[in-house]
Structures are given as structure tokens and as C-alpha cells.
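First to last, the sequence lines map onto chains A and B. For the record, in the first sequence the residue sitting at position 142 is 142 according to my numbering, with numbers rising by one throughout. For the record, in the second sequence the residue sitting at position 249 is 249 according to my numbering, with numbers rising by one throughout.
These are calculated hints, taken from the structure and not from any lab test.
With beta-carbon atoms standing in for the labels, derived distance ranges:
hint, chain 1, residue 1, chain 2, residue 2, range
1, B, Gln-2, A, Lys-67, 46 to 52 angstroms
2, A, Phe-307, B, Met-204, 30 to 36 angstroms
3, B, Ile-196, A, Asp-17, 55 to 61 angstroms
4, B, Lys-54, A, Lys-314, 58 to 64 angstroms
The beta-carbon is built from N, C-alpha and C at its ideal position, and this holds for glycine as well.
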Amino acid sequence: MINPDLHLKENIFDNPDQAATAAVAKAMASTRDGFGKGLIEAAVADARVVALCADLTESTRVEGFKKRFPERYIEVGVAEQNLAALASGFAAAGKIPFITSYAAFNPGRNNEQIRTTISLNRMPVKICGMHAGVSVGPDGATHQALEDMALMRIQPHMTVISPCDAEEARKATLAAAQWDGPVYLRFGREKTPLMTTAETPFEIGKAQMFLSAENPQAVIFATGPLLHNALLSAKQMGDEGMGVIVVNVATIKPLDRDTIVAAAREAEAVVTVEEHQIAGGLGGAIAELLAQEYPVPIEFIGVRDQFGQSGEPKELIEHYGMGVSHIKDALRKVVGRKSAQV
Amino acid sequence: MQPLTDTEAYELTARANAIRQTIIEMLLAAGSGHTAGPLGMADIFTALYFYVLKHDPQNPDWEDRDRLILSNGHIVPVRYAAMAHAGYFPVEECLTLRKFGSRLQGHPERLRLPGLETTSGPLGSGLSQAAGMAYALGMSAREGQTSSGGLTFPRVYCAMSDGEHDAGNIWEAAMWAGANHLSNLTGIIDRNNIQIDGYTESIMPLEPLRDKYEAFGWHVLEVDGHNIPQFIAACDEAKAIYEKPTVIIAHTIPGKGIREIERDYRWHGKPPSKEEAQVFLNELRTMQGKVASEHQ
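Looking at chain A on its own, in the form it has when it is part of the complex (with noise of 0.2 angstroms):
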């Protein structure tokens, strides 16, 4: 069942590849839409807000802003090094920078100058990586940051949030330039389902229980767009026996423990799913957490040590095993070892 206190899309379930819901796919938006929208809204309400970007401000979707706000804007061009160190400058003397790039160079380069400058200092710095994961499509490898979460993830002092979709970005956004400390925002280049409303609440640290179940077998985690995979997955599993809940979760640090465990704890399998390497990012953290708080069997949807390549982010997708059958026969997977268990 759709958890009627989140608000949600009521067509929650139409999926965007069906010519009858052709509609769907026209009202999609990029969760870097998302981040652009909140971007000028967190600005309007705190003018310390300032942005920084690396020579990309037309596909980070900095652009409105810069048209709105042209003092706070600061042109770095191609220096991610730079564009970190700075926005430590920045923040140490009072502003609340939001640093702009590819996941791929930023935290991808610039890592070492986020950890020192930003991270180890404490700055309110949001560090904003576009373009993530293989559905960046034809770019390639060297575009498709698949371990920026782990490298994120693994610093002390940083929250790291992967929005599900373009309005959840935009919340994200506006939260994360009133948190106090640094965050990690990650952003896709695709138009994705859009599944949250403007009702719909967003709390950093928060996962949120999009689809219960009566006698769930299953619980999937998912986050980032792949989210609407994981829910069209669990709704043909319904449709087939097998009740399955799936939680939305935005931030993967810090995780949110209670939900995460009571989820678990109910359903006694899990599945993660995320556009990552499964290394070190949602499925590496939920499976740190349950082994220590509540271990159940776990199968995991995401890339596997692996880099990606050129393609169509669908096929990337497919190709990748991120796919709605590679998520159903993740959890036939997960359930069977669980009888296995028993």
C-alpha cells in the first residue's frame, strides 16, 4: 500500500517505457531540474547562500541562478581543486557556498581538498555532483561517477543525500544549505519519474516507507531514481504473491537507523538498490548497519566493480543488471535464501 502520509504521485506506478503513458515520460524532470529550482529558492531565503561552479553552468543547472543573482555567483572555469578549496574560503568567512561540477571531478578530483579544507575544518560546503551514475549514457567511463557516495560517505562530518527524484532534489537542496556542516548532494543528467509531490515531506536523515505490505517478504532500500525501478518491481511482486515494502532512502549518511532496522526486522530480507558500485555506497552502508543491528540475507542491485561505458541510459541500465528484473529476481533471491534459513 502507498503510504498515504507521504503525499506521493498517484501514478506512482505508470512506467515511462509504455507508450500509454506517454504522458508520464513528458511530465519526468532531471533531479538536477530539481537541485537548479532549490538552488534560487535557498538563495531568496538566506543571502549567504553563494554558488560556485567549474565551467558548467549551463549542465549543473547553476544557470538560473547565475541570471538571478550575478554578484553571488563565482565563475572557478576547469579547476576542481580549486573550486574546494575556495568554497572553504568562502564558508570560513561566513558565506554558504554550493560548489558545482560532475560527480566525476567533484568529489571525484577535488578529494583530498574536500577532506582537508572541508571536511576535517567542518565548512558548510555543498558539494554538488551532476551526471551521476551510467545513465549519464554516451559520455562513457570517464563521466560516470559510480564511487562518489563511498568517497563521500567515508569522510567524518559529511551528511551525503541521493535525491529520488527532481522535487525531492529541490528540497534536498533548500535543507542542505540551512544544515549546519558539509553535504554531499548527488544529482542525475535524466529525466526520471517524478513520484514525490510539493506535499511531500523531506527531512535530512530521515528514510521514508514509500509501499508497505501485508506479511512483507521483502524490503527493498533504493535511492536516486532507480527508486521507481525498485517500485515497479515490488508492485509486480505484489501482483504475483509476494508483498514487498519499499523505503525511500534520500540520505545515506547519516542513515536512518530506527527506520532501516524496523524495516528489516519486518521483513527478514532485504534488497538495495542504487546507480553506485554497490561498494561502499547505500548497499555496503545498510549492510554495515544490519550486520550489526538486525543481520538478515541481503541481495544487492547496483554496478559491480566494474566501470561503465558508452550507451543509452536505459541499455546502461539494463546492461548493469539495474533493471526491474534484475530487482524481481534479487527478491526471489533474497526470499528463497531466507526460507533456506528457516
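With chain A held as given, fit chain B onto it using these hints.
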């Protein structure tokens, strides 16, 4: 600003000597750390903390203070010693350097000791932070957010080593600061010609360093880094330069003040032994024998 009086210059020189003694004492107590760099920058840090910087040791977070970023964090003993002598914390605390639980970490950490401005050690990132601060302080002044009201906003100083100019991040920052005409930013390069593996010009030649900064849009000054009045005059000149950041290339002698250490790159990263420290402290107290000879 008026030129230094002879009395002021003498007092600063004496202060630098006392700071050098503290550096030797703290390195001996720590049993590890860097010796040559801190000694070589003692005159400049004395000039900064006791003459150049607008600051308040009792109120390290004073909004209108000048900012001093130390980019090459490994020479932090000179900063700790200068801060202690300036009144930020008791001089005795210097002996906790590098010890468990100390606020004086082996490399400086902003969150542990008020007044440090930032954390450093990994080389090449200080100038970016200083440039970001300089830009943001200018923004805030223009927005009328500072208590000073007008457009006289704080200056930002960034002390760097010459060796760390091997790092690309410094040149990214230098390009950006030049492009943004950050006239409230003053870089200070400790041009002592040594780095861990040898002499800078044999590891990775930096010359012509002046030309490089000028090409990046900076005003460049060169001084004798042990001539305190000359360094102070350069800092004053930097304040008069509009539309450009200034970098002061300070020619220093690593290990300055102690003959056994001067110009020897092997003293980059090791502390003195107990016996050596006694000899060095005596050398400093007698100003390399000059004081004793005057009384003979």
C-alpha cells in the same frame, strides 16, 4: 604607515629570537617535527603577529581581523610559538606540541585551536582558501554586512613554501586570484630553496618565479625574509596596490639563527636531539656568539 623606528626594529628582532628559542624547545619536547622551515620563517611570523596583522589574541574570531592562512602546515611550530608569544595561549602550552590530546597538532587543525583559520598540511591548497576568503570578505563588505560598515575590509595573508609550488592547485588559485583582482590578498612565499628531497631547483625548477606570478596578474615584491623592516615595508606596499593581489617572495635561510642548521635540507623534517638543542639554544641566547663576545 610610518617606517619602523630603530627601537621597534630591535624589539621585533629580539622577539623573533625568543620565538626561535621556543621553537627549539617545543621540537625537543615533541621528539619529531620540522626544524629548518619554522626557524627560517621566525622573522616573518614575528613581523606578522607583532606588527602587520590587525588581530586580537583575546578575541580570535573577531570579525574584522586580518586572516593569516598557513598553507605549508608543517612549519606550524613557528605559528604556534608566535601565537603563544602574542598572547593567544600560554607559552608553556607550546611544549604539548604533537602530544596526545594537545591543541597543537603536528599539522594545524582549525577546530582544535582558535586563531588558526584553517587546517593544513597537505600542500598546495592554502592559496585557494585565502583567495576564497579574500573574495568573500570583499562581497560582505560591499553588502554592508560587516560591522566596519565601509569598504575597508580585512586583508588576507597566505604563507606558502616554495616547494609546494610544484602543486597544480596553487597555480589554479594564483590564476583565479589574478583574474578576480583580489587586492586584499597578500601571498608570502618562503623562498628557502629546499624541499624534502633536495634543493627546489633540482627537484622541480620554480624559476623564474617572479615572472610566473606577474604573468598570472600579480604584483610581485622580493625581500630579504630576515630583514623585518623590509618585509613590513613590502606588506605596506601591498596595501597600496589596487586591482591586483600581491605576492612577497621572501628569500630566507632555512634554519636561520643556528649555524649548524642553516641551508641544510637534511634539517627539513627532523627535530634536534637533547644535546643539539642545548647547543642551539645557547647559540640563540648569545645571538650566534655576538652577545658573549661583546661582553668579553
